[in-house]
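Peer 1: Sequences and hints are given; from them, build the entire structure.
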Amino acid sequence: MTRIFLAPAGAINNQLLERIAEDIKSKLHADVSVIKLNFDLEAVRSPERNQYFSTRLLAQAIPQTTHYDGKILILMDADLYVPVLTFIYGEAQLRGKHSIVSSFRLHEEFYSGEVNEDLFFERLMKEVYHELGHNFGLIHCREWDCVMHSSAGIEEVDIKGGFYCSSCSAQISKAPE
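Numbered by this note's numbering, the letters in the sequence shown go through residues 1366 to 1542 in order.
Derived by calculation from the structure, the hints in this document are not laboratory data. There could be a bad hint or two in this list.
Label-pair restraints from in silico Cβ distances [unchecked claim]: (1) N1481 - F1452: 17 to 23 Å; (2) R1368 - E1407: 41 to 47 Å; (3) H1505 - P1428: 15 to 21 Å; (4) E1487 - T1431: 20 to 26 Å; (5) S1398 - G1502: 21 to 27 Å; (6) S1532 - E1487: 19 to 25 Å; (7) P1448 - S1532: 44 to 50 Å.
Calculated cross-link-like contacts (lysine-lysine; reagent style BS3-like; alpha-carbon spacing at most 25 Å) [as the list claims (entries may be wrong)]: (8) K1539 - K1525; (9) K1525 - K1390; (10) K1392 - K1462; (11) K1462 - K1390.
Note that the Cβ used here is the ideal one computed from N, Cα and C, for glycine as well.
Peer 2: Now the structure itself:
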């Protein structure tokens, strides 16, 4: 059975973590646990951008997780970036162990000022499954109905499907854990 460890970085609501864990358990049939890692958030923060460099956060997790047999998904509610992009929703090691997802730009109030918890959770889970898909070896999919379709903006997150298409699902079922 696949094991997935959720590692909150910064302030993440425990109820949200439980809801994410339950969704992953039911859809991926995985064993999901929450773990505590130590992150030096100031070391990866860009004061000019007021964002956090996701690749360096992933690098902080690697030496702390060598004894974990499974995927490590870092979750945070702060804005992420890589130097070549304005922002990112997440980042993952292709066929690797580590990934990160930010919920910061997935909140509807970021765009419209309106609170919509259902839409927020739907967006969050799309990005969670997208980054885990990369960990399982999936690349971006051409199918708009697949969660592995690339998203350059929130509209594309909303349009794409909420889970893997049949082709991507078949690849995941063959992927090593």
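Peer 1: Run every hint past the structure and note whether it holds.
Peer 2: Each hint, compared with the structure:
no.: 1; hint: N1481 - F1452: 17 to 23 Å; verdict: holds, 20 Å
no.: 2; hint: R1368 - E1407: 41 to 47 Å; verdict: violated, 30 Å
no.: 3; hint: H1505 - P1428: 15 to 21 Å; verdict: violated, 29 Å
no.: 4; hint: E1487 - T1431: 20 to 26 Å; verdict: violated, 34 Å
no.: 5; hint: S1398 - G1502: 21 to 27 Å; verdict: holds, 22 Å
no.: 6; hint: S1532 - E1487: 19 to 25 Å; verdict: holds, 22 Å
no.: 7; hint: P1448 - S1532: 44 to 50 Å; verdict: violated, 32 Å
no.: 8; hint: K1539 - K1525; verdict: holds, 23 Å
no.: 9; hint: K1525 - K1390; verdict: holds, 22 Å
no.: 10; hint: K1392 - K1462; verdict: holds, 19 Å
no.: 11; hint: K1462 - K1390; verdict: holds, 18 Å
The earlier numbered hints that this structure contradicts are 2, 3, 4, 7.
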